[in-house]
Structure formats: structure tokens, C-alpha cells
Amino acid sequence: MAYVATRGGERAIEQSERLYRAGLGDIDAQRVAAIRQALPWLIDRVMGEASLYEPDLAALALAQSGGDLYETVLLLRAWRTTQPRLAIAEPVTQESLFTVRRISAAFKDIPGGQILGPTLDYSHRLLATSVLEGQPFVPMPVEPAARPAPAHQPSLAAWQKAVGLVADVSATPVAPEDIPDLTREPLLFPAKRAHTLQSLARADTGGVLALGYSAMRGYGNAHPTVNELRLAEAELRVRHPRGTVFSAGRVKVSQAEVTNKGKSGKLELGFCATLGWNEVKVIAGATLDLNAPAAPKNSPVNEEFFLYHTEPVEASGFCIHFKLPHYVTFQSSLDALRDAKAGTAAHATSSTIQRQEEPA
Amino acid sequence: MIDEMTGVANSGMPCHAHLLDTLARADDGALKTFAEDVLPLLGEIEVVQSRTGLVMLPMRDTVAGTDFHLGEVLVAEAHIRVKGGETEGYGMVIGRDLERAMAMAVIDAAAMAGADKERLAHFVEAQATRILTADEQRLRAVEATRVEMETF
Chain A
1 MAYVATRGGE
11 RAIEQSERLY
21 RAGLGDIDAQ
31 RVAAIRQALP
41 WLIDRVMGEA
51 SLYEPDLAAL
61 ALAQSGGDLY
71 ETVLLLRAWR
81 TTQPRLAIAE
91 PVTQESLFTV
101 RRISAAFKDI
111 PGGQILGPTL
121 DYSHRLLATS
131 VLEGQPFVPM
141 PVEPAARPAP
151 AHQPSLAAWQ
161 KAVGLVADVS
171 ATPVAPEDIP
181 DLTREPLLFP
191 AKRAHTLQSL
201 ARADTGGVLA
211 LGYSAMRGYG
221 NAHPTVNELR
231 LAEAELRVRH
241 PRGTVFSAGR
251 VKVSQAEVTN
261 KGKSGKLELG
271 FCATLGWNEV
281 KVIAGATLDL
291 NAPAAPKNSP
301 VNEEFFLYHT
311 EPVEASGFCI
321 HFKLPHYVTF
331 QSSLDALRDA
341 KAGTAAHATS
351 STIQRQEEPA
Chain B
1 MIDEMTGVAN
11 SGMPCHAHLL
21 DTLARADDGA
31 LKTFAEDVLP
41 LLGEIEVVQS
51 RTGLVMLPMR
61 DTVAGTDFHL
71 GEVLVAEAHI
81 RVKGGETEGY
91 GMVIGRDLER
101 AMAMAVIDAA
111 AMAGADKERL
121 AHFVEAQATR
131 ILTADEQRLR
141 AVEATRVEME
151 TF
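Protein chains in written order, with the working numbering: chain A, 1 to 360; chain B, 1 to 152.
Here chain B stands alone, though its shape is the one from the complex (with noise of 0.2 Å):
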């Protein structure tokens, strides 16, 4: 089997979609620190891109099923490249830190490489443990808003 994130069989890993989604909402400093970790088994780097840039965020009214700008999106973007090889990594993070997204880069980068797979994704899994439970943590206290009202 084709791992659509590695590009290569039995990565044994999780899919692309979670471990960006999982990266770019990642802890700061774990993330950064775990970058740092995976760095130096890429061997040297190009650095393709690394900027602030806009995004558009559009949305679907409801009335007429319009699609309509709501504004734009501050984000931080990085697109690194192992030299001399295919391995590519990429990040974008909302605001401005461009040493956040420089981190999710080099981890996807190093996920792509295969790069020390059971650190990866025990890391992964750690993070999105702990965003599952902070929305958890925050959804409890929304339903306890939940109400239930009579007319008479």
C-alpha cells in the first residue's frame, strides 16, 4: 500500500491531512523543540520559501448557497527542500510566526524522509491527543450552556 503522505509503502504512518492539521495546531514549544530534534537527520536544506503571506477565507452564505470573501488570514509559510533529493516539506500556520511554520516544514519534511517514524508518530499522536481534549475541555462547558426553554 501507497501511503498518500510518504509517498513510499508501509510508512506506517498516519495519514497527510492529520499530521498537517495536527502540526499546525501543535503545542509551540513542543513543536519547535521536536523540530529541532528531527533537523539534523535531513542533512542540509534549502530554504524555497518563508514568509507571511494572506490567505482568503471564503464562506457559503445560506440563503443562496453564495460563496463570498469574509476576509483574509494572516499566515506564516514555509516550503524547505533536502538537497540533492526529492524530500520535500511544507508548512502554513495562522499569524505571524515564521519559525512555527519553518518547524511543521522540517517535520514534514522529516515524515516524508521516513525519518525516525516511531518518534514522529508518537509525537503526532501526543498532540493530537491534547487538542482532542482541549476542545473537549471547551465543548463541556459550551453544552452545560445548552437550554431547554417553555412558553406559556
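Okay, chain A solo, but in the shape it has when bound (with noise of 0.2 Å):
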């Protein structure tokens, strides 16, 4: 027994949700506006978790939820399930982005170069104080370049193939329908690569870099040197009905590779990618994708588990759900509990409270 349907509170339940309101306040156009422009970065995150790329109503999901990032993802993943699915755009490949940002720290001298982009990884962080004291923050403007930069660069990977010191492994090609996905069917273990990738794409920051994070610290089982980082824009590439391949636009995406050695006396890697600009899950990303290979069961760089861990939806709802009434379950520990002390000795070690495991 684990649930029991409950009565009453009706009152309390509806004045409940008016408090927790009445603490946001009203929510206008102007507030959506203001923090899509204010917080690109957190509507990315949230973006890339809620596998749904739209800022405004990112930004909206947002001012609604009061900035708690579980439930901005769950009304996003909800909100993703009224709309049809009109298309599958073809495949994005890392040569064809649009990228602004791509930088390698094992390697030097890469093919195109390493690109800053906008970041604040050389910057000290200091709060600005002066604002609170109505002395506004005014960004540096950027001293452009004579020359644009190319605005595609070429692939890392691709050359590191080339030159024998990553293995040239061959997938073979899949129409874009046929790709394995993870909204239409369950994630399976061993998970396909491609529900690995996904996955990571519409994982949990925080949790991603959690599991991630252990891994670098040595409870992996390979440390990773970030072999490329990208920020880009993908081209979304969809049909015309009289068969033209059109971009009906671009979408920010980041994507990470991770290297170590391998005992194949070849070059491993990793890599993760999602929706939005986010370098810290990619990175943690590709980590995990790295340590995946030949984790033990049960490590936290083993695939099943950080795919179940870091599923925000799912996690978040199954911490919450613990609030909800379990009166009835609870009662029986007390039960049992009551029973161990009023039993005889040998009777009382043998009935101590078992761990509780319910179904989700």
C-alpha cells in the first residue's frame, strides 16, 4: 500500500495557491520582456532543459514560476505537449555553425584557431555595488576586428581522425525519422547513443554537473582535457512543400568534446550537446559520455545511472511528491515500530523498520 485518496481542504488548497501568487504578483508583457532580455543565459538553461527552444515563452515560464527552475522546465515540457510536431529538420553538423565561440584546451595550434568568443573565463567577478547605489553598469563596447571572423570552423574531431590520433568510428547513416527519440518511446539500458545524447541534452544542469563533477574528481575512471568547446547557432533546416531545404531560422546551441588517453593507444572522447548556450553542462556532459565506456554498475559515471539522475522532470517530481499525504504508509512504519517495542527481545530484532519502496 502506498497511496490513499484523501478528502477536504479544498479551502486551504485554493488559498494556498493564492498565497504562493499573491507573492509574484501580477505578471504583464513587460515583466516576460524584461527577463528574456536580462537573463539570456538563464533562458538558455532553461531552454535546453525543457527541450523546447522558444525564449519568450522561456521568459515567460520563468516570471510564472518565480524563477524555481523545476517547475519553469515542467511547465515548458508540459506546455511542449500541445503543440504538433510539423517536421524533423535535417541533422545539424558541427562544420555547418554558425559559431561565435570555440576554444580547445589540449591542443594549441587547432585547424581555424581558437576563438573567445564572449566570455568572462580570464575576468576577475566582482559585483558591481556602484548599481545599487544608482550608479548604472555600463559594458566596455567591443573594439571590432578589420576582418570578420569565418563564421563556420572547421571540425577538431574530424582533423584529429584524419591524422590517426582519434578512432574513425563509422556510424551508419540513419534517415532523420528513424532517429531513436526519446519523446515517443522509453530510454532502454543499454541506452542507444543517440537516447545517451539526447538525454544529456535535456538533462539537468545541476545534476549533470553533480555526477560529472565526481567523475573529474577521480571517481571516474578517465579525467578529461577539453579537447573543444563551441557556442554557436545551428541553422533549423526544414522542407518546403515543393521539396526547397530552407532555414526557417538559427538557434543558439554549445557543444563540448572531452579527451583522454585511451588504452588503445588512441585518443578517447566525449560529447555532450544541447539547446541554448550552457558550457558547464556540456563539459560535465562529455565527461560522463567519456566515463561511460567501462563504468562499473552502480558508479555515478555509469550510464543508467546519471540518465535516471538527471532527468529534472522526473527527479524534482519524485523529491516533491514525498510532500503529498502518505499517511497510510507511514502509519504502518509506525505499525511496525510500535509492534518492535511492545514484542518480545527476539521478536523486536526481527521486525525493524525495512527501508520503504514505492513505486513511482
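Treat the hints with care, as some may be off.
DMTMM-like, lysine to aspartate or glutamate: derived pairs with alpha carbons at most 20 Å apart [stated by the list, open to error]:
{"id": "1", "chain 1": "A", "residue 1": "LYS108", "chain 2": "B", "residue 2": "GLU118"}
{"id": "2", "chain 1": "A", "residue 1": "LYS297", "chain 2": "A", "residue 2": "GLU279"}
{"id": "3", "chain 1": "A", "residue 1": "LYS108", "chain 2": "B", "residue 2": "GLU150"}
{"id": "4", "chain 1": "A", "residue 1": "LYS108", "chain 2": "B", "residue 2": "GLU148"}
Stretch by stretch, here's where chain A covers chain B in the computed footprint (C-beta under 8 Å, at least three residues) [claimed, not checked]:
{"id": "5", "region": "92-98"}
{"id": "6", "region": "136-142"}
Hints were generated in silico from the structure; no laboratory data involved.
Every residue gets a Cβ at the ideal spot worked out from N, C-alpha and C, and that includes glycine.
Starting from the two chains in their separate frames, assemble the complex, guided by the hints.
Set out below in C-alpha cells:
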């Protein structure tokens, strides 16, 4: 017995929702627009985890949830189900990305060069407290170069494969409509690589970081170095009814490869990408991908472990469901406890509290 | 020569993919105004589709070459047909703006119908130049962050 129907409390429930919403106040288009403009990195993080690219809706979900990220992602995932799927775009390749940042920590001289792009990597992190005293923070403008950077950068992994540093894995081509899709089928183990990467793309940033960081600190079997990190925009290439393939616009994407010297004498690579710009997630995610192949069962870098535990809606939902009435299950625990106290010594030793296993 | 866009000879128009790429990223105000201008030239139109929906975006993994789904993008889609004719127009843009998708479809239909060719070609070129300029300005700022580090 896990759950029981409860009755009553309607008024309190109604007032509790009002109390929650009263704390957020009126939500209007202006507030949503301000969130979208002021918090692009948060919008990106939310769109990646929601697996839905639409900055206005992400800003609205943030406004409506007051910035509670799990509520935000839940709102967007739920709203997504109201929309029909119109098409599957052409697969994005690394060379076709409109790239604004592309670095390698493993190789100094990479074909195409290193481009820092927008980053605070080498900056002091100082809180601009003067803003609170009425002095706005006005950023210094970029001094543009005389010539533009190339819009597209070559794939570092392709070069490494060509020179024999990385094993060249030949993939069987798959039609876009045959790409395995987690939104239509369950995640089973051992997971298809397409499922693993889709799952990481939708994963909770904090969860991926925690498990990826555990591998980086030594609980994994491969220490990562960033082979390539990219912030870019991908064209959404769709088909016109008369057959012409065109771009319906660009969406922000980030991707990372991390590397480690493998036992085969070649470099091994791990990969992760997501919608929106989210460097921590893709580096940590790629670290998990790199560590997954040889991971022992029940270790944080085991695929089943990290994919199940970083799904934001399921993980947060399971966590907060424990707040809901569990009176009957808990009553049975109490009964067991009382029985144990009241019974004989022999009886008491055999009826300690059992860990509660519950169906989701 | 048969133009791939209009399906008619010697239309003298930019290729269809270029037209659609450009319309999808055109300035919002200019796109809608231009669509209003060419709409009367089409005669009566029938709306086949005007809706929002999702496009799944796959990506190719660089490690094993696996195509996987990165996530879904919300788009607005419009599909129109000129009543009693073969002419059709289609628009799809990122976002929720149905009017924007419809404006794209109207201009696509006008291109297929060969209506007001000169102005249309001029509009597309002006927008293409605007897009190219914006990209170039962005990439000049990006180029300023190119780094050459020395190790010692």
C-alpha cells in the first residue's frame, strides 16, 4: 500500500495557491520581456532542460514560477505536449554551425584557431555594488577586428580522425524520421547512443554537473581535458512543400568534446550538446559520456545511473511528491515500530523499520 | 531555363532557397509591410494552414557520427493557395509569430506567381544585404577575441 485518497482541504488548497501567487504579484508582458532581455543565460539553460526552444515562452515560464527552475521546466515540458510536431529538421553538423566561440584546452594550434568569443573565463568576478548606489554598470564596447571571423569552423575531431589520433568510428546513416526519440519511446539499457545524447541534452544542469564533477574528482575512470568547446547557432533546415530545403532561422546551441588517452593508444572522446549556451552542462555531460563505457554498475558514471538521475522533471517530481499525504504507508511504519517495542526481545530484533520502497 | 522557384521560364529571380532563407530572417516590420503590398496582386487566397508547432532538431555527434535529437524548436507555419489557381505560398519561421509566417507565405506565393518581380527581387536583395551586414558585424566582434597563447 503506497497511496491513499484523501478528502477535504479544498479551501486551504485554494488559499495556499493564492498565497504563493500573491508573492509573485502581477505578471505582464513587460515583466516577461525584461526577463528575456536581462537573463539570456538562464533562458538558455531552461530551454535546454525543457528541450523546447522559444525564448519568450521560457521567459514567461520563469516569470510564472518566480524562477523556481524545476517548476519552469515542468511548465514548458507540459506546454510542449499541446503542440503538433510539424517536421524533423536536417541534422546539424559541426562544420555548419555559425560559430562565435571555439576553444581547445588540449591543442594550442587547432585548424581554424582559437576564438574566445563571449566569456568571463579570464576575468575577475567582482560584484558591481555601485549599481545599487545609483551608478549604472555600462559595459565597454567591443573593438571589432578589421575582418570578420569565418562563420564556420572546421571540426577538430574530423582532423584528429584524419591524422589517426582518434579512432574513426563509422556510423550507419539514419533517416531523420528513424532517429530514436526519447519523447516517443522509453529509455532502456544499454541505451542507444542517440538516446544517451538526447537525454544529456535535456538533462538537469545541476545534476549533470554533480555527477560529472564526481568523475572529474576521481570517482570516474577517465580525467577529462576539453578537446573542443563551441558556442554557436544552428540553422533550422526544413523542407518547403515544393521540396526546397531552407533555413527557418537560427537557434543557439553549445557542444563540448572532452578527451583522455585511451588504452587503445588513441585519444578517446566524450561528447555532449544542448539547445542554448550552457558550457558547464556540456563539459560535465561530455565527461560522463567519456567515462560511461567502462563504468562499473552503480557508479555515478554508469550510464543508467547518470541518465536516470539527471532527468529534471522526473527527479524533482519524485522528490517533491514525498510532500504529499503518505499517511497510510507511514502509519504502517509506525505500527511496525510499536510492534517492535511491545514485542519480546527476539521479536523486536526481527521487526526493525524497513526501508520504504515505493512505486513512482 | 526553368527556375526552380517559380517553375516558369526566365523568372529572373534569386533561387528559391535564397528567397526562403532571406524571408525567414528578414526584418519583421519590412517583411509584413511588403507582404501587405503584394497581397492584393495575388487575388483571393485560401489559407491551407496557419499554426504553431514543433520542429525536432537533430545533431550529428562528432565522436561516433550518431545523429540524435537535440530538442524541439517552436515555429510558426503558414501555407496559402490562390483560389482557382496553381499558385501556393509557404512560410516557416522560428518563434510564435503567425503573422510573420503568413507574410513569408504571401511573398513566396507572389514570387511563384511572378507578381511585381522587380520590386520583389529588390526587396529580397535589400534584406539579404541587411542580414549579411549584421552577421559580418557580429563576426568582426568575434574575430577580436581570436587568441594566440604562448606556452613557456
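Comparing the hints with the structure gives:
1. Simply put, LYS108/A and GLU118/B have alpha-carbon atoms about 51 Å apart, too far for the 20 Å limit, and the pair is violated.
2. Distance restraint check for LYS297/A and GLU279/A: the Cα-Cα separation of roughly 28 Å exceeds the 20 Å cut-off, and the hinted pair is therefore not satisfied.
3. In summary, the hint linking LYS108/A to GLU150/B is supported, as the alpha carbons are separated by about 8 Å, within the 20 Å threshold.
4. The hinted pair formed by LYS108/A and GLU148/B meets the criterion: a straight-line CA distance of about 8 Å does not exceed 20 Å.
5. Counting residues of the region 92-98 of chain B whose CB falls under 8 Å from any CB of chain A gives 5; the rule of at least 3 is met.
6. Figure legend: the region 136-142 of chain B, annotated as covered by chain A; annotation consistent (7 residues with Cβ-Cβ distances under 8 Å, at least 3 required).
Checked against the numbered hints given earlier, this structure breaks hints 1 and 2; the rest are met.
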